[in-house]
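Chemist: Those protein sequence lines, which keep their order, are chains W and Y. Those letters in the first sequence? Residues 7 to 205, by my numbering. Those letters in the second sequence? Residues 7 to 205, by my numbering.
Just so you know, these hints were derived from the structure itself, not from any lab. These numbers come from a predicted model, not from an experiment. It is possible that part of the hints are untrue.
Identical chains blur together in the list; that is why a pair holds if it fits in one copy or across any two.
Unchecked claim - In silico DSS-like cross-links for lysine-lysine, where the CA-CA straight-line distance does not exceed 30 Å:
1) K30 to K10
2) K198 to K179
3) K156 to K96
4) K48 to K203
5) K48 to K198
6) K156 to K203
7) K10 to K48
8) K179 to K48
9) K57 to K203
10) K57 to K198
11) K30 to K203
12) K30 to K179
13) K198 to K156
14) K179 to K203
15) K57 to K156
16) K119 to K203
17) K10 to K179
18) K198 to K119
There are 2 protein chains.
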Amino acid sequence: MSEKGKLIVISGPSGAGKSTVVFKAIENRNDVCFSTSVTTRKPRPGETDGKEYFFIDWDRYNEMVARDELLEHAEYVTNGYGTPRAFVEKQMDAGLNVLLDIEIQGARQVREKMPDAVLIFVAPPSLEELERRLRGRGTDTEQAIEGRLKRARQEYAEADFYDYLIINDDVEKAAHALNAIMDAAHCRFADKVEWLKNQ
Amino acid sequence: MSEKGKLIVISGPSGAGKSTVVFKAIENRNDVCFSTSVTTRKPRPGETDGKEYFFIDWDRYNEMVARDELLEHAEYVTNGYGTPRAFVEKQMDAGLNVLLDIEIQGARQVREKMPDAVLIFVAPPSLEELERRLRGRGTDTEQAIEGRLKRARQEYAEADFYDYLIINDDVEKAAHALNAIMDAAHCRFADKVEWLKNQ
């Protein structure tokens, strides 16, 4: 695998089926890996540094932010989370596409810091279907479901900087689309200009 | 097939293997067709109007140019050739991706007139390999081969408005890339904005 991999950012409402689509897409590929985030949260029993997360303290976290070593970062409740640029670059240099499942604010930061990243928004076939799926899970309160639907509508209104939209009305088709997007990204003209110049 | 098809423009030097890649790519697809050009040239024995070409006279050709009914057009020797917009739109409306194999000047016109078109440049793995292929054909004079190589270099220098570059060092891989590009094009965010707004 001599060619550099791509950073593939995937966003979309909870209930859109992102994980299912991703795992279906990559089941027969060996050129894809997941990004590993840094977090200031303490490891839970069974968690290994470098596997679920890179566990770091706040000093190191703040240092990474200050040094622009995170492609995106956000603080949730009392912990910081971020995507380490060096880790992502290392995987890409090894020829791997790096998948990053983050929210829209994070995707916006990635767009700024790595314009070459491929940004994909995964949407359910309709908001009614999203509501059905969320209720079907049986894990959310009524209030939580309404919050998620409201958030989905907000995301739809702000998502215009994404490169692609996959409508997940069929997991096989959506996974095929994700693979097509990854493979097409490796043929983008702008990335091949050096090759042409050297001909 | 409810979704509108895309116009897929394919260019590249003679000897790059465009046709081989295209036929390999579409052998298992039913959502792709070829564009049919208009020409002022007289039909040869066995040629059918609407099959090889739409055969038209110069008056009609000039009228089509004047009315902006051709997505691109060019005059070679004593005949005019062009891509009829109405025919392409009709196929796209029927859900078909329309393949158009044209030179770089035509592709530039298409980019202007149909910004949504997907422009793909197919290149041989190297100019040395292109030269080998052209010699291997045994159909060109030395002068013609040198002309083709010079033309390829010119095209490389002018091709920066294309969306994708496929390096044809392996027909299967190149065909896979072409299919990925076509399928990814159907997920472009800009084309889905209306869908999102209606959610």
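Chemist: Look at each hint and say if it fits the structure.
Modeler: Structure-based check of all given hints:
Within a single copy, K30 and K10 get their C-alpha atoms as close as 23 Å, and across copies as close as 26 Å, so both meet the 30 Å cut-off. In this homomeric assembly, K198 and K179 come within 30 Å of each other (Cα to Cα) both inside a single copy, at 29 Å, and across copies, at 16 Å. Taking the shortest alpha-carbon separations for K156 and K96, neither the intra-copy value of 37 Å nor the inter-copy value of 39 Å comes in at or below 30 Å. Neither within a single protomer nor between protomers do K48 and K203 lie at most 30 Å apart by alpha-carbon distance, with minima of 50 Å and 41 Å respectively.
Neither within a single protomer nor between protomers do K48 and K198 lie at most 30 Å apart by alpha-carbon distance, with minima of 43 Å and 41 Å respectively. For the identical chains of this complex, K156 and K203 are inter-copy neighbours only, at 14 Å across copies versus 49 Å inside a copy, given an alpha-carbon limit of 30 Å. For the identical chains of this complex, K10 and K48 are neighbours neither inside a copy (33 Å) nor across copies (50 Å), given an alpha-carbon limit of 30 Å. In this homomeric assembly, K179 and K48 never come within 30 Å of each other (Cα to Cα): the closest approach is 39 Å inside a single copy and 45 Å across copies.
In the homo-oligomer, the alpha carbons of K57 and K203 never lie at most 30 Å apart, since the shortest distance is 40 Å inside one protomer and 39 Å across protomers. Taking the shortest Cα distances, K57 and K198 never come within 30 Å of each other, neither inside one copy (33 Å) nor across copies (36 Å). In this assembly of identical chains, the alpha carbons of K30 and K203 lie at most 30 Å apart only when taken from different copies (28 Å versus 38 Å within one copy). Taking CA atoms no more than 30 Å apart as the test, K30 paired with K179 passes in both settings, with 10 Å inside one copy and 21 Å between copies.
For the homomeric pair K198 and K156, the shortest alpha-carbon distance between copies (20 Å) is at most 30 Å, but the shortest distance inside one copy (41 Å) is not. In this assembly of identical chains, K179 and K203 lie within 30 Å of each other by CA distance solely across copies; the values are 22 Å between and 37 Å within a copy. For the homomeric pair K57 and K156, neither the shortest alpha-carbon distance inside one copy (33 Å) nor that between copies (53 Å) is at most 30 Å. In this homomeric assembly, K119 and K203 come within 30 Å of each other (Cα to Cα) both inside a single copy, at 26 Å, and across copies, at 28 Å.
Proximity of K10 and K179 under a CA criterion of 30 Å is satisfied in both settings, with 26 Å inside one chain copy and 17 Å between copies. In this assembly of identical chains, K198 and K119 lie within 30 Å of each other by CA distance both inside one copy and across copies; the values are 20 Å within and 25 Å between.
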